[in-house]
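Asks: Sequence:
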Amino acid sequence: MKTVGLRKNDERSGRKTGAAPSAAIATVGAEGHHTRAAIVQLLLEEGPITATAIGNRLGLAPAGVRRHLDALIDSGQARASRSAPWQQKGRGRPAKQYQLTAAGRGKLGHAYDDLAGAAIRQLGEIGGDQAIAEFARKRARTIVAGIEPVGEHTPETTEAKAEEIAEAFTDAGFAASTRKVGAGVQICQHHCPVAHVAEEFPQLCEAELEAFRDLLGTHVQRLATIANGDCACTTHVPLVLPITNSKASHPAAAQPATVRTNDSGRSAE
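First residue of the sequence shown: 1, per full-length UniProt numbering; consecutive thereafter.
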């Protein structure tokens, strides 16, 4: 998976506890906050993920990772579940996998949800559903402004364009990434700053999908959305366009010419 990136949260000092000197406490607190933020970022971008995988990625001891995960679970920001049998490697009990909850994603910022929802509802009262849809389209076009539609369709150019779209959505706060899956590539939005509003107004999600189609020049399929309770908004993009058989398209156009009214008498035999 190619992770385009996630904007780093503001660094805040950790809680100062214990009897150590104040300077040492501040250093430990800052380091603890930095580690917690890094774990949250992995849960956001790659969850569900095991504690072992987190430790390997960040170079941390399993005990330290689990301490942070337990704290996130206690605060309601993360949850744990057992891996499916097919995901288990080796014998023994399936490993726990961790991911952020809706409350955990909410900590990353759902600014002005109530105000945005009220504004869109008022827009709908004035201009109807068409006005809401047009507003959603303009918002999506603003996010991808400056991105040119894909030119020649090849797996390489389509994948590169998907990455460019993911970068634009990351800049807009969606923590987007791409990953190859079979004969396609998936655009994954691990965070949605307007998820709560999109639950009420699906036009926002539909407009994003329309922008993807326009830029990629191919059919794309939305597999999951945060607004529907999924862990991420996932959109599948085929890397190979369907082959159009030009010969198959001619008979339909030529068919009326083969029907002659003066043959009706001979068809009686």
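To be clear, the hints were calculated from the coordinates, so they are not data collected in a lab. Since we're looking at a predicted model, the values are computed, not measured. No residue lacks a Cβ here, since even glycine has one placed at the ideal position from N, Cα and C. Be aware that a few hints might be false.
Simulated restraints, written as ranges between beta carbons of each label pair [said to hold, decoys possible]:
#	residue 1	residue 2	range
1	P202	D171	19 to 29 angstroms
2	A119	N228	28 to 38 angstroms
3	R82	G182	23 to 33 angstroms
4	A63	R121	42 to 52 angstroms
Asks: Among the hints numbered above, which are violated by the structure, and what are their numbers in rising order?
Replies: The structure breaks only hint 2.
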